[in-house]
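Line by line, the protein sequences give chains A and B.
Once you know that position 371 of the first sequence is 371 in this note's numbering, the rest is easy, because the numbers rise by one and skip nothing.
Once you know that position 6 of the second sequence is 6 in this note's numbering, the rest is easy, because the numbers rise by one and skip nothing.
Relax, there's no trap hidden among the hints.
In silico lysine to aspartate or glutamate, EDC-like type, Cα no more than 16 Å apart, as pairs:
#, chain 1, residue 1, chain 2, residue 2
1, A, K264, B, E22
2, A, K125, A, E98
3, A, K125, A, D93
4, B, K106, A, E248
5, A, K129, A, E157
6, A, K264, B, D30
Here are some chain A residues the structure puts well away from chain B; computed CB gaps all over 10 Å:
#, residue
7, I35
8, G108
9, T133
10, R163
11, N185
12, V196
13, G219
14, V238
15, A357
16, T369
Residues from chain B that face chain A, not an exhaustive set, calculated with beta carbons under 10 Å:
#, residue
17, S10
18, S11
19, F12
20, I13
21, G15
22, V20
23, N31
24, P108
Please keep in mind that the hints were generated in silico from the structure rather than gathered at the bench.
These figures come from a predicted structure and were not determined experimentally.
C-beta: ideal position from N, C-alpha, C; glycine also.
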Amino acid sequence: MKWFVNFSTKSKLLVGFGLMIILLAALSAMSYIEIRGFQSMLKNLFEVDYPFSLEIAKLRNNLNRERVLLIRMMDSTGRIEYDILHKEIKEIDKENNERFEKISGLAGNNQDIMPLVNELTDLRKAFQKIRDTQTIPMIYAGKGKEAKTLFLGPQFELYEKMRSTAIKISDLSEGHAKEIMELTNRKVKVSIYTFVIAGMLAIIIGMAMALYMTRIIAGPLKEISGAAERVAYGDITVRIPSDNRTDEVGTLMLSFGMMVESLKMVTQEIRDAVNVLASSSSGILGITTQVSSGTSEVQKSLIEVTTKVEEGKRIAKDIKSLAEQSNQEKALTLSNKQLAELAEVASAVENIGQTIARNVESINQAEATAQNLNALGQKLKNIVEQYRF
Amino acid sequence: MARVLIADSSSFIRGSLKYVLEYSGHEVVDNTDDGEKALSIYRNFKIDVVITNVSLGDKEGIALLKAIKEIDKEAVVFMMSSPGHEDSVNEALNLGASGFIDKPFKQPEIADMIKGALKGKK
Numbered sequence: 001m002k003w004f005v006n007f008s009t010k011s012k013l014l015v016g017f018g019l020m021i022i023l024l025a026a027l028s029a030m031s032y033i034e035i036r037g038f039q040s041m042l043k044n045l046f047e048v049d050y051p052f053s054l055e056i057a058k059l060r061n062n063l064n065r066e067r068v069l070l071i072r073m074m075d076s077t078g079r080i081e082y083d084i085l086h087k088e089i090k091e092i093d094k095e096n097n098e099r100f101e102k103i104s105g106l107a108g109n110n111q112d113i114m115p116l117v118n119e120l121t122d123l124r125k126a127f128q129k130i131r132d133t134q135t136i137p138m139i140y141a142g143k144g145k146e147a148k149t150l151f152l153g154p155q156f157e158l159y160e161k162m163r164s165t166a167i168k169i170s171d172l173s174e175g176h177a178k179e180i181m182e183l184t185n186r187k188v189k190v191s192i193y194t195f196v197i198a199g200m201l202a203i204i205i206g207m208a209m210a211l212y213m214t215r216i217i218a219g220p221l222k223e224i225s226g227a228a229e230r231v232a233y234g235d236i237t238v239r240i241p242s243d244n245r246t247d248e249v250g251t252l253m254l255s256f257g258m259m260v261e262s263l264k265m266v267t268q269e270i271r272d273a274v275n276v277l278a279s280s281s282s283g284i285l286g287i288t289t290q291v292s293s294g295t296s297e298v299q300k301s302l303i304e305v306t307t308k309v310e311e312g313k314r315i316a317k318d319i320k321s322l323a324e325q326s327n328q329e330k331a332l333t334l335s336n337k338q339l340a341e342l343a344e345v346a347s348a349v350e351n352i353g354q355t356i357a358r359n360v361e362s363i364n365q366a367e368a369t370a371q372n373l374n375a376l377g378q379k380l381k382n383i384v385e386q387y388r389f
Numbered sequence: 001m002a003r004v005l006i007a008d009s010s011s012f013i014r015g016s017l018k019y020v021l022e023y024s025g026h027e028v029v030d031n032t033d034d035g036e037k038a039l040s041i042y043r044n045f046k047i048d049v050v051i052t053n054v055s056l057g058d059k060e061g062i063a064l065l066k067a068i069k070e071i072d073k074e075a076v077v078f079m080m081s082s083p084g085h086e087d088s089v090n091e092a093l094n095l096g097a098s099g100f101i102d103k104p105f106k107q108p109e110i111a112d113m114i115k116g117a118l119k120g121k122k
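Okay, chain A solo, but in the shape it has when bound (with noise of 0.2 Å):
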């Protein structure tokens, strides 16, 4: 799954939900599917089926009727008994007649019922034409027991077969109702396994989504936000893990990784700075101390200068006396002697110009070290800058 976790944020909640939405979608299509399957079913049902039977059933109380009429009819004497018996018989027929269109319109194409429909038409053609050629005319004729003869003989078995043909047609319309039913219940029984089943899968699928996208989005997140609180409190030794993604949560964990290695040199660039600095301190506070120490050897060897120079003065004044009082031998025995004792002060002289020449070199070191401590400084800045970035 390393290529969905290397899409962008963006799509990968575009696929997770999107996913979500596909199975809310397919349930959805499904289920208008199934609900307009049992919608049909029931349409027709009732606009077919119920219908169908219903003529079938009146059809046959037509077909009774009509017989009774006939036999009522072959009993009666008189002309107007037969003629409203007659026109009864007449309305029926009519009656019938439409009940047989409904009839073959409903069983349309059903392939079982529509034979025996066309059956029971021609069935019922042949009885009409007994009965309005031979039968009725026979009555009216005054024959009642010839046309009873009649009617009860091959007429009655033409009535035997509509009626049978009839029960045969409601038996098949009554079984092919009761088809239904049973494909509805067991269609109804598939659907709900299959919502149950793709309704369970739909919440597995999301739920498995939601974790997943959890894990590979919300946990990281978490962990970048954790160190991030680490090193907001002074701790730079976070350890970002690396998952090699190309997301945006990858391109986050790869530039904070970036950042506290960042901040690590910087600060240890700093630290060694500081240690420098600090020995750069104990090198100044040594060389002041020297320079002070070095201040009081100058010093004294300025006392020191000056008492020499005073006995200096006093030798020469000293000759100079010798010289006047024209002891000339004496002044000679004199003067080496003063000018044995001027030598020395001449060489103390020079070790006194020698000290505070070393403590000139001590104080020309200060200047070098307060140089270095200039470019330390310059450093140190540079650095703080780098903040700014």
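On the provided structure of chain A, position chain B as indicated by the hints.
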């Protein structure tokens, strides 16, 4: 995996680049802000790739590139600079730099550049 030396005056950039290179599986032998020191490290260690900024403290990146190329003509040296240094880019490329890395850099770009340069060297 390559052994890399980083030379840049900014410790921030050195730190970021070090992390990116280690993240990509390379070894950062050392990092420095000093051109002379960089040259000394190059001489004393086995370095596969050098990444140097165009401007360094005491020694310019171009000078470092020249010095490294004098030692090894096949050396892989990447120059790094901020946008707007086209002159330096051309000069460095003419001197044999393996490529230019613009700041701010991206990890895949650097990983690909090093991979490509080392492949070409083999």
